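Could you slot chains B and C onto chain A? The hints should help.
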Amino acid sequence: MTTPSRYWREIPQRYRGEANSCEKCKKKFFPPRLICPKCGNRDLAKAKIADKGKVLSFTIIRVPPSPFKDQAPYAVGIVELKDGVKIMGQIVECDFKDLKVGLPVKIEFRKMFKEGHSGILCYGYKFVPDS
Amino acid sequence: MEGIVGYGAYIPRNRIKVEEIAKVWGADAPSYKKGLMLEEKSVPSPDQDTITMSVEASKNALKRAGIDPIDIGAVYIGSESHPYAVKPSGTVLAEALGATPEVHTADFEFACKAGTEGMFVALNLVKSGAVKYGLGVGADTSQGAPGDALEYSAAAGAAAFVFGKKNVVAEVLDTYAYMTDTPDFWRREYEYYPQHGGRFTGEPAYFKHVTGAARGLMKKAGMKPQDFSYVIFHQPNGKFPFKAGRKLGFSKPQIEPGWLVNKLGNTYSGSSPLGLTSTLDIAKPGDHILLISYGSGAGSDGFILKVTSRIEDVRNLAPLTRDILDQNKNYLEYGEYAKFREKIRKAD
Amino acid sequence: MRDVAVIGIGMTKWGELWEKSLRDIYVETALMAIEDAGVDHIDSMYIGSMSSGIFVGQEHIASLLADYLGTSPVPSARVETACASGGLALRMGFMEVASGMNDIVLVSGIEKMTDVGGDKATYALGTAADQEYECYHGVTFPGLYALMAVDHMNKYGTTRKQLAEVAVKNHRNGSKNPLAQFPFEVTVDAVLNSVQVADPLRILDCSPITDGAAAAIICPVDMAQKFRDHPVVKILGSGQATDSIALSQRNDISWLESTYRAGKGAYEMAGKKPSDMDLFEVHDCFTIAELCVMEALGMVEKGKSGEAVEKGRTAVNGDIPVNPSGGLKSKGHPVGATGIAQVLEIVKQLRGEAGERQVKDARTGLTQNMGGSGASTVVHIFERD
Chain A
1041 MTTPSRYWRE IPQRYRGEAN SCEKCKKKFF PPRLICPKCG NRDLAKAKIA DKGKVLSFTI
1101 IRVPPSPFKD QAPYAVGIVE LKDGVKIMGQ IVECDFKDLK VGLPVKIEFR KMFKEGHSGI
1161 LCYGYKFVPD S
Chain B
28 MEGIVGYGAY IPRNRIKVEE IAKVWGADAP SYKKGLMLEE KSVPSPDQDT ITMSVEASKN
88 ALKRAGIDPI DIGAVYIGSE SHPYAVKPSG TVLAEALGAT PEVHTADFEF ACKAGTEGMF
148 VALNLVKSGA VKYGLGVGAD TSQGAPGDAL EYSAAAGAAA FVFGKKNVVA EVLDTYAYMT
208 DTPDFWRREY EYYPQHGGRF TGEPAYFKHV TGAARGLMKK AGMKPQDFSY VIFHQPNGKF
268 PFKAGRKLGF SKPQIEPGWL VNKLGNTYSG SSPLGLTSTL DIAKPGDHIL LISYGSGAGS
328 DGFILKVTSR IEDVRNLAPL TRDILDQNKN YLEYGEYAKF REKIRKAD
Chain C
150 MRDVAVIGIG MTKWGELWEK SLRDIYVETA LMAIEDAGVD HIDSMYIGSM SSGIFVGQEH
210 IASLLADYLG TSPVPSARVE TACASGGLAL RMGFMEVASG MNDIVLVSGI EKMTDVGGDK
270 ATYALGTAAD QEYECYHGVT FPGLYALMAV DHMNKYGTTR KQLAEVAVKN HRNGSKNPLA
330 QFPFEVTVDA VLNSVQVADP LRILDCSPIT DGAAAAIICP VDMAQKFRDH PVVKILGSGQ
390 ATDSIALSQR NDISWLESTY RAGKGAYEMA GKKPSDMDLF EVHDCFTIAE LCVMEALGMV
450 EKGKSGEAVE KGRTAVNGDI PVNPSGGLKS KGHPVGATGI AQVLEIVKQL RGEAGERQVK
510 DARTGLTQNM GGSGASTVVH IFERD
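Protein chains in written order, with the working numbering: chain A, 1041 to 1171; chain B, 28 to 375; chain C, 150 to 534.
Chain A with its partners taken away, still in its complex shape (with noise of 0.2 Å):
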């Protein structure tokens, strides 16, 4: 799975949600961008993600890939925070009977997985529902 450099360099997106956008076309990029893929700007200012939004679409995984054993099933969904940005997260915290698309969610902090038993910890965000 992942290794030490691997996770440290995404650090900066998964604990506090860091993306930059481009001015011309208004659109933020999470992750951050090199070059914006609609105009070709490559000025792009630094920005931070909504920590709030809505479910477009979830799923429940049950039969998860080995990192995520212990966690199944969990579901997921991709979220439309409210600055427009999409992003894939867990969605925990909800009874599976009251997900749908449209709940409104917020994102906390937690741990997606371990790397086995003597691995790093790999932490990141993840959506519970916003009441």
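By construction, these hints were calculated from the structure, which means they are not laboratory data. Any given hint might turn out to be false.
Derived BS3-like pairs (lysine-lysine); straight-line CA-CA distance at most 27 Å [said to hold, decoys possible]: (1) 1094(A) with 1126(A); (2) 269(C) with 366(B); (3) 1064(A) with 1109(A); (4) 279(B) with 290(B); (5) 1088(A) with 159(B); (6) 333(B) with 159(B); (7) 1078(A) with 413(C); (8) 159(B) with 1086(A); (9) 1109(A) with 366(B); (10) 1126(A) with 1154(A); (11) 304(C) with 1122(A); (12) 1146(A) with 356(B); (13) 1094(A) with 90(B); (14) 1137(A) with 356(B); (15) 192(B) with 246(B); (16) 247(B) with 154(B); (17) 114(B) with 1154(A); (18) 1151(A) with 413(C); (19) 290(B) with 1151(A); (20) 1154(A) with 373(B); (21) 114(B) with 370(B); (22) 1109(A) with 269(C); (23) 1151(A) with 44(B); (24) 1094(A) with 304(C); (25) 1154(A) with 356(B); (26) 90(B) with 1092(A); (27) 1137(A) with 1126(A); (28) 373(B) with 50(B); (29) 192(B) with 311(B).
Remember, it's a predicted structure, so these values are computed and weren't measured experimentally.
Same frame as chain A, but now just chains B and C:
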């Protein structure tokens, strides 16, 4: 004057009732409920640990503090359940808040006292002028051995405090520490569960240090129990804080707002700090608050706080501790609890 | 550009081929195609394979397989666009022949998937998604397609039963395909009560883990009848397109833009429109995929695919036959091989050699081969002279 500029709490939503644990071990639930005044405790999900709870509690503290995280010069997490044996928890917290790289970070461990240790050091760095703001967090996902008395209380939660000199919601008027070497509770390296000295954890350990710290601090400050609107003691079970209060001359109404243990359990390093958050949630400007922690090993830290008028402005900028505790609960059966707490032996 | 024809095809029965290695499977299949074409040599070869490195620990398979096929020192290249690798191998070979650089090219696809356990296979397939921003969150391929399914159901009222009908239809077709991994029929009830994988998808909505290969020989049309007297099947159009690798980055989660674009390119090159096609072989890695592909290829309007399947329009005897071979669902899905197996079915159908599953009077056909959650698509259009 320096003091708390923002505070925040975090408690996982999972709970397990005393009856559910007692059922598994053939124990007498009513005696635990009456004897230890415990009803249920919080349980972390598999994706929650000291680090994740510290981040969420600290985010709540920052909402109330309204400061730029880059101005935080010190980040300390006190816990006896740091997820790594070697590798700091505080660096994750500092990164998640956006306080890096000009920040001093350390992890504290002193059984249940580590949280107030972090607060103590953060406060004193602010006081000395070494940092503009300091963050002290108490957090734990405590483990009691299956079937042990501790299993009924060992819980999970976090409380975070930002200290500064401007816009404080509670001034820290005085501090005190009282410590001896007393082996009442310990966990050796590579051991999964802690061990304890049974009744030895009471009089010579908890009560001696809690009352010693409270008396010493009040004497130092020239104050008496009646001068305080509220007092928070470390809460290993429901009974101990009330008994300590009686010994010192505090009344039930002074203790109750910060007494969360019956519904929360013992959150170890988060215990008395969480009690402080729920007390700040209801305190009025001018109120004096006494906070006395306890950590086995053993020692107590004491703080005298005076609430300012700013409390009214910031209180509702983050969730209130009693609301977090009472809302959105998810009750677990023992099997699920055992799975969440990794008490089940599995294949690789 | 020269016109290009498919003159030979080869494929052995797919499944869990415990006795056979990657090189065994490849050589058997390639020899069948060479035999079918009747050529005495090849000038060049392309191999589509998604992840031989993870599945069998072997990279550099282009040279390995040329060596074991006995074709070294001809140039050989492995190409990869996840599950669209096979389709890409054909496109690469097509360009080489069309350009005049070489005449007789062997295009093939292969995957030997069962040497690793289920966990590792899930991991290998997952590498076709965004590792850092999708897989990091625990999503799987069934999960990604389930997200499309929920979106499609939510937007268009597509039903769970309509999804099941795709599997039922493909298994009915596959039951008549002796090379299929699962050549048996299933019922709607069986699909709806099969094991849950990623809600709302169940195991019978998913294509299986398969060992297998498929191969084809292509050459300039004017050489096509030099070797054997098969009816000549021409490649009229080739299209390929990409989209964001992360599903969340798309404007419309259940719209396959890369399939739409690749289809558009192929239709334009061929001078054909969707209604000109007599049959389609499409990438039904999951039941929902077939529905989304039907819409993106312009076979039906957006949102109308479920209804079309339910009404039987996509059956072998329907007006828009889809996956007469049994599709990935019944035939199996050795990921890199799938794109070439689709070509094999179209060639058989256009030659009139498809037996019980023959689409009547089939003259034109289309293949659509897709990688990841739709980040790559390759489309080809074929016609019998």
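These are the hints, each one checked on the structure:
1. For the hint linking residue 1094(A) to residue 1126(A), the alpha-carbon distance of about 10 Å falls within 27 Å, and the restraint holds.
2. For a cut-off of 27 Å, the pair hint linking residue 269(C) to residue 366(B) stands: about 24 Å separates their Cα positions.
3. For the hint pairing residue 1064(A) with residue 1109(A), the CA-to-CA distance comes to about 44 Å; that exceeds 27 Å, so the pair is violated.
4. For a cut-off of 27 Å, the pair hint linking residue 279(B) to residue 290(B) stands: about 17 Å separates their Cα positions.
5. Using a Cα cut-off of 27 Å, the hinted pair residue 1088(A) and residue 159(B) holds, with the two alpha carbons roughly 25 Å apart.
6. Using a Cα cut-off of 27 Å, the hinted pair residue 333(B) and residue 159(B) holds, with the two alpha carbons roughly 20 Å apart.
7. The hinted pair formed by residue 1078(A) and residue 413(C) meets the criterion: a straight-line CA distance of about 21 Å does not exceed 27 Å.
8. The suggested pairing of residue 159(B) with residue 1086(A) holds, with an alpha-carbon distance near 26 Å, which does not exceed 27 Å.
9. Note on residue 1109(A) and residue 366(B): the hinted pairing holds, with a Cα-Cα distance of about 12 Å set against a maximum of 27 Å.
10. At roughly 26 Å between alpha-carbon atoms, residue 1126(A) and residue 1154(A) fall within 27 Å of each other, so this suggested pair holds.
11. Simply put, residue 304(C) and residue 1122(A) have alpha-carbon atoms about 21 Å apart, close enough for the 27 Å limit, and the pair holds.
12. Only pairs whose Cα atoms come within 27 Å are accepted, and residue 1146(A) paired with residue 356(B) is accepted, the gap being roughly 18 Å.
13. Restraint check for residue 1094(A) and residue 90(B): satisfied, since their Cα atoms lie roughly 22 Å apart, inside the 27 Å limit.
14. With a C-alpha separation of about 16 Å, the suggested pairing of residue 1137(A) with residue 356(B) holds against the 27 Å cut-off.
15. Between residue 192(B) and residue 246(B) the CA atoms are separated by roughly 25 Å; this keeps the pair inside 27 Å, and the hint holds.
16. Between residue 247(B) and residue 154(B) the CA atoms are separated by roughly 18 Å; this keeps the pair inside 27 Å, and the hint holds.
17. With a C-alpha separation of about 15 Å, the suggested pairing of residue 114(B) with residue 1154(A) holds against the 27 Å cut-off.
18. At roughly 44 Å between alpha-carbon atoms, residue 1151(A) and residue 413(C) are farther apart than 27 Å, so this suggested pair is violated.
19. With a C-alpha separation of about 25 Å, the suggested pair residue 290(B) and residue 1151(A) falls inside the 27 Å cut-off, and the hint holds.
20. Using a Cα cut-off of 27 Å, the hinted pair residue 1154(A) and residue 373(B) holds, with the two alpha carbons roughly 15 Å apart.
21. Restraint check for residue 114(B) and residue 370(B): the C-alpha separation of about 24 Å stays at or below 27 Å, so the hint holds.
22. Of the supplied pair hints, the one linking residue 1109(A) and residue 269(C) holds, its CA atoms being roughly 13 Å apart against a limit of 27 Å.
23. This hinted pair checks out: residue 1151(A) and residue 44(B) have alpha carbons roughly 25 Å apart, not beyond 27 Å.
24. For the suggested pair residue 1094(A) and residue 304(C), the alpha carbons sit about 16 Å apart, so the restraint of at most 27 Å is met.
25. For the suggested pair residue 1154(A) and residue 356(B), the alpha carbons sit about 26 Å apart, so the restraint of at most 27 Å is met.
26. Of the supplied pair hints, the one linking residue 90(B) and residue 1092(A) holds, its CA atoms being roughly 15 Å apart against a limit of 27 Å.
27. Proposed proximity of residue 1137(A) and residue 1126(A) is supported: the alpha carbons are some 23 Å apart, at most 27 Å.
28. For the proposed pair residue 373(B) and residue 50(B), the alpha carbon gap of about 23 Å is at most 27 Å, so the pair holds.
29. A distance of roughly 20 Å separates the Cα atoms of residue 192(B) and residue 311(B); the hinted pair therefore holds under the 27 Å criterion.
Violated hints for the displayed structure, listed by number in ascending order: 3 and 18.
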